[in-house]
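*Asks:* Spelled out from the first residue to the last, the chains are:
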Amino acid sequence: MSTTTRRRGSPLVFVIWGYIIWSLVPVLIAVIYSFNDGRSRTVWQGFSLRWWITDPYASIFRNDETRNAISNSLVLAFATLLLVTPLGIALAIGSQRIRGRSANFVQGLTSTPLITPEIVVGAALLLTFTRLFTAVPLGFFAQLLGNVTFSLASVVVIVRARLVSIGTSFEEAARDLGATRWQALRFVLLPMLWPSVMASLVVVFATVIDDFVITSFLSAGVSSETVPLRIYSSVRGGATPALNALATLLVLTSFAVLIIGLFGLSTWRKRHGERGGLRAALADVTRMES
Amino acid sequence: MDALYRRLTTANLKNSPRLWAGFAIPGTVWLTVLFVIPFYAVACVAFGTIDPVFRDAVPQWNPLSWDFVQAKQIFTSLATGPLRGVAIRTVVYVVCAMTLCFVIGFPIAYFLARHAGKRKLLLLVLIIVPFWVNYLMRMLAWVNLLSVDGLFTRFMRNFGINYNWLDGSPITVTLGLVYGYIPFLILPLYATLERLDWRLVDAARDLGAKPRQAFRLVTLPMSKAGLVAAGILIALPMFGDYYTNDLLSRSPSTEMIGNQIDFFLNASTQPQNGALLVLALSLFLLLFMSFYLRSTRQQSRQVTR
Chain A
1 MSTTTRRRGS PLVFVIWGYI IWSLVPVLIA VIYSFNDGRS RTVWQGFSLR WWITDPYASI
61 FRNDETRNAI SNSLVLAFAT LLLVTPLGIA LAIGSQRIRG RSANFVQGLT STPLITPEIV
121 VGAALLLTFT RLFTAVPLGF FAQLLGNVTF SLASVVVIVR ARLVSIGTSF EEAARDLGAT
181 RWQALRFVLL PMLWPSVMAS LVVVFATVID DFVITSFLSA GVSSETVPLR IYSSVRGGAT
241 PALNALATLL VLTSFAVLII GLFGLSTWRK RHGERGGLRA ALADVTRMES
Chain B
291 MDALYRRLTT ANLKNSPRLW AGFAIPGTVW LTVLFVIPFY AVACVAFGTI DPVFRDAVPQ
351 WNPLSWDFVQ AKQIFTSLAT GPLRGVAIRT VVYVVCAMTL CFVIGFPIAY FLARHAGKRK
411 LLLLVLIIVP FWVNYLMRML AWVNLLSVDG LFTRFMRNFG INYNWLDGSP ITVTLGLVYG
471 YIPFLILPLY ATLERLDWRL VDAARDLGAK PRQAFRLVTL PMSKAGLVAA GILIALPMFG
531 DYYTNDLLSR SPSTEMIGNQ IDFFLNASTQ PQNGALLVLA LSLFLLLFMS FYLRSTRQQS
591 RQVTR
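Listed in order, the protein sequences are those of chains A and B. Following this note's numbering, the numbering of the first sequence begins with 1 at its first residue and continues without gaps. Following this note's numbering, the numbering of the second sequence begins with 291 at its first residue and continues without gaps.
Take the hints with a grain of salt, since some may be wrong.
Simulated restraints on C-beta separations [as the list claims (entries may be wrong)]:
1. A/192 <-> B/580: 27 to 37 Å
2. A/15 <-> B/358: 31 to 41 Å
3. A/21 <-> B/499: 54 to 64 Å
4. B/446 <-> A/10: 26 to 36 Å
5. A/274 <-> B/415: 54 to 64 Å
6. B/415 <-> A/10: 38 to 48 Å
7. B/507 <-> A/108: 51 to 61 Å
Capping the alpha-carbon separation at 35 Å, the derived lysine-lysine pairs in DSBU-like fashion look like this [as the list claims (entries may be wrong)]:
8. B/500 <-> B/408
9. A/270 <-> B/408
10. B/410 <-> A/270
On the chain B side, residues computed to face chain A include the following (Cβ under 7 Å) [claimed, not checked]:
11. 324
12. 370
13. 424
Calculated directly from the structure, the hints in this document are not laboratory data. By construction, the Cβ of each residue, glycine as well, lies at the ideal position given by its N, Cα and C atoms.
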């Protein structure tokens, strides 16, 4: 039986490895060319670190505009995290526990942004900030509000899934043992939510640091240029391999965050005797179960 | 028994509605102000007027005096006028890209869910990696390969194919969409197939169904809802895509609706047209979105029950 199933699957092995090669090799080539010694992004001229650090003007860590974009990206990502995490956790708890017509409204409100194309959100916010809420100038502040709005839904989805799997029995037990409702929430529920909070932090950080559409619609020129905007504006020009280096840096950053998050998640799970190692952690951060 | 227990305990927690409403209020207000009201603002710009002197769009905040002249013009243009090509192209590119995504993605998800065996975790990780590589990086990688002296272009020249990939080629744009969005299809597909009760398929096989029959009569009906939801999940951003086009083509001959929105809002003096196109796109996508929300709600209801 098992041999027949394996034989039936065998042509698919080539499909899957073919796909993996197709999806990863172009990116790897782009990473390799960030170490090109010449100015070309397509013809190899030897290895060097000039586009990363050695060139005093053009390398990504020494070029003023690039450094500005890196710091803008990081500030935007951390500021978004700071706002969206408490907002999202509270909304997840609230929306999961209220009932009636308002529950339906909140439910719809929290799931719609997740599937609305970014261009629609970006365009709508652009028109809002330029015509209605004119007190909000385009630039960092508008980008922050936009990114919080767009990523709020993903925090809610991740935390809510965890709430459903926890159930209410632990809180009930705490209540039976004399805890107030608030204490049960603070000392029983919140600590148990931690893995979903960690997963949300990772997902939101990666979303914001990679975000291009909303951030670009709400930007106000160079002062609020982030790394993705800088990459976007130079892809089709005669940019040097510094562009590849910058894109590689972006990818490395989100992977670093992902790996830290995954590691943290599986350690937490192990320490608290919960099942599911790396695979459960992967499911958490890829929203496969939503 | 379990359901009864759950109902009893939830009933107990549900009796503090004010507390939970208090939790939900800040986020709800946030989303109302920055997600719902912006759509109203779009409508007000779309159905507003144009300043005769500065030629700028003047929003009309009172829905009773909305003006539909420009709206009629844009919708006529989409149906029969100059924007018709853009509308058709958008649909054709997305449909082609979706079909390719399923043709490539389904076997991969199927293999991962059923036959991956010992290598499953490794394969899963390798499939997830592109999910985490920035979209721009993945497009940039292909821009490098497809440019006039790029590796791929040079490679293809060996076979006598001398094609200008990055200059308004519909093939490049469609394949770019496939390359960009397929990771977002494979994972939900995999999650759907992983959850299936494969014993039913095995039972069908044992009862004499040929593999193809078992697939058509058992696997497909069981996974249909998940497949449709996964498809919608990538169709929505594809319909609003403008950056793939911008990066891989930059030619008016391949422009999609997103490019027109981007142009009208960010590069022209006619934001009203941009607002109208945003509304048109949202209305069109509302169909898919409501379908998706309904199907996921049904699924989650089944899970919690």
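*Asks:* With reference to the structure, classify each hint as holding or not holding.
*Replies:* So, going through the hints one by one against the coordinates:
no. : hint                        : in the structure
1   : A/192 <-> B/580: 27 to 37 Å : holds, 34 Å
2   : A/15 <-> B/358: 31 to 41 Å  : violated, 51 Å
3   : A/21 <-> B/499: 54 to 64 Å  : violated, 34 Å
4   : B/446 <-> A/10: 26 to 36 Å  : holds, 30 Å
5   : A/274 <-> B/415: 54 to 64 Å : violated, 21 Å
6   : B/415 <-> A/10: 38 to 48 Å  : violated, 22 Å
7   : B/507 <-> A/108: 51 to 61 Å : violated, 35 Å
8   : B/500 <-> B/408             : holds, 27 Å
9   : A/270 <-> B/408             : holds, 22 Å
10  : B/410 <-> A/270             : holds, 21 Å
11  : 324                         : holds, 4 Å
12  : 370                         : violated, 24 Å
13  : 424                         : holds, 5 Å
Consistency with the previously given hints fails for numbers 2, 3, 5, 6, 7, 12, ordered from lowest to highest.
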